[in-house]
Amino acid sequence: MCGIVGWIDWERNLENEGHIMANMMETLAARGPDASGMYLTKHAALGHRRLSVVDLENGAQPMIRDRGQRRYVITYNGELYNTPELRQALEALGYVFRTNCDTEVLLTAYIEWGPSCVEKFNGIFAFGIWDETDRTLFLARDRIGVKPLFYTRQGSKFIFGSELKALLAHPEIKPEIDSEGLAEVLIIGPARTPGHGVFRNIAELRPGHSMLYSEKGMYLCQYWALESMPHPDDFDTTVETVRELMQDIVKRQLVADVPVCTLLSGGLDSSALTALACSTYRQQGLGDLHTYSVDYLDNAQYFQANSFQPNADAPWVQRVSEFFDTRHHNIILDTPELAGSLPQATISRDLPGMADVDTSLYLFCREIKKGATVALSGECADEVFGGYPWFYREDMINASCFPWSPNLDVRMQWLSSEMKSVTKAHDYLQQRYQEALAEVPRLPGEDAKDARMREIFYLSLTRWMPTLLDRKDRMSMASGLEVRVPYCDHRLVEYVWNVPWHMKNFHDREKGLLRQALVGILPEDVLWRRKSPYPKTHNPSYLNAVRLWVLQILDDTSSPLRRIVDVDKVRAMAQQNAEISNIPWFGQLMSSVQLFAYLIQVDTWLREYKVQLV
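Residue numbers for the sequence shown follow the working numbering, so the first one is 542 and each next one is one higher.
No wet-lab data here; the hints were simulated from the structure. Treat each hint with caution, since some may be false.
Unchecked claim - Computed list of lysine-lysine pairs in DSBU-like fashion (alpha-carbon distance at most 30 Å, straight line):
1. K965 / K757
2. K698 / K583
3. K715 / K990
4. K757 / K583
5. K698 / K1151
6. K961 / K1110
7. K990 / K1110
8. K961 / K698
9. K1151 / K792
10. K757 / K910
11. K1072 / K715
12. K910 / K990
13. K715 / K661
14. K792 / K698
15. K715 / K698
If you're wondering where the values come from, they're calculated on a predicted model, not measured in any experiment.
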């Protein structure tokens, strides 16, 4: 993966603005530690930071290609998994390639097919292509939104980049937050409304969208969306189709010219990827597969099962690794580094995130990078196949808001009176929830139960999943580690979307369809293990560390957090040296200890980004 930036300006000669571009590119250095490049003309400037994964010697960007009298320039972040097929089709049309990298294939596809090229891509991507002749910029983002892309249009300027920090590095883009941005952070966060850049006048190019920008204006196009239709296959055919798709997806996503590994938790999703990767490695004679897991010092001593986290991962990691004979690496994290990395995780994400769920991934990826450059991860299987509690707990299914964020009153307890008034919390949350429901593609004739489950799947795929994809992208790219997410292959998402709930919920088990598709691939005990989410620390030293940190912040009269929270209320909460509640206020993992960590991240964000409330 890589980092991309761009600046189009109709009134300014950008040939003289290389120093500003260099500063914007430098913010993305971690995303692309191997090389950098810049393209400057009068009205267009493109920048790139490269992480070399395929065709290491070639593929430098921005890449320039001429076709007749026309010149095209690309800056690209991503991977195309159907590069061989695209290349073959383009060669049949007479194109000759100079490299083996997917960048050249993607650029050539645009030259041949124009904006419709994105419909032919199977991959994860965010890119910008400048047509020097027409003075037109084309931007596009992958269907699921695995790779990020933000932009702002202010006056004669149009600026885009992989991360918010790249835009904010431009001296004329201010880190301003209005009432809507505050509501995103304090009410929706750590999720984010699709298309919302949080900072004032900054937007996100939504998944499955492209854009044409020129002196005539800006034209947005949605080139992909979920479509609801009757599912034509019986159960056995459905199981076999899912199995074949998974085998093809993993095989495609193992292609790289650098070391590849899998992230292994011992759960269904990561174990399946490990099993399929091992099979491909054996078939292709690629040697041993390396696997990585994360755990916390003394976690076994303090772990207590609950309905959201029923069992520990460590024994299952060992079981899977031994069964498939992988070369396993177990990364152990301790409280000081877990808590101490909260500020860095905030900066990597550009926003307050999922607290120690983010920091643990940040530290985990940093260690993986020492031995690998590409990793396959099990994100999004729960959204695609139905694995979360809100798919089968009636109270969550019937919630009249986002099911992963039902406890708004918990947030209201710690917000200041000013923030309660400014954010209009209940109204804002309901507005965003109703907007999401209005987008759901309905299936005529579907009964009430199936219609509601379709809503839950849509909410999960379009509102919850982006939170995890943001987390995975930012925390991994902060160390220059490319993480691929096979369950986000759009072919799998499209197919399973229309599979009826009773098939997905086979045997009344979460992800029952996926489990059945993996029969004979995974050991039976692993296959039917109850779902357990990403591991978090249960060591009481972590609670103690973050609550004391919050108290220090509250004692600092210069802290911007004091304007955000009810100081007396939060102080009283933090002075209790005990877990206040095991009921998550966001997702499955964020309860009171994560609330303190989240407030630390909010304080960090306000300070480090010099956020201006307007």
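Earlier hints that do not hold, by number: 1, 3, 7, 8, 9, 10, 11, 12, 13, 14
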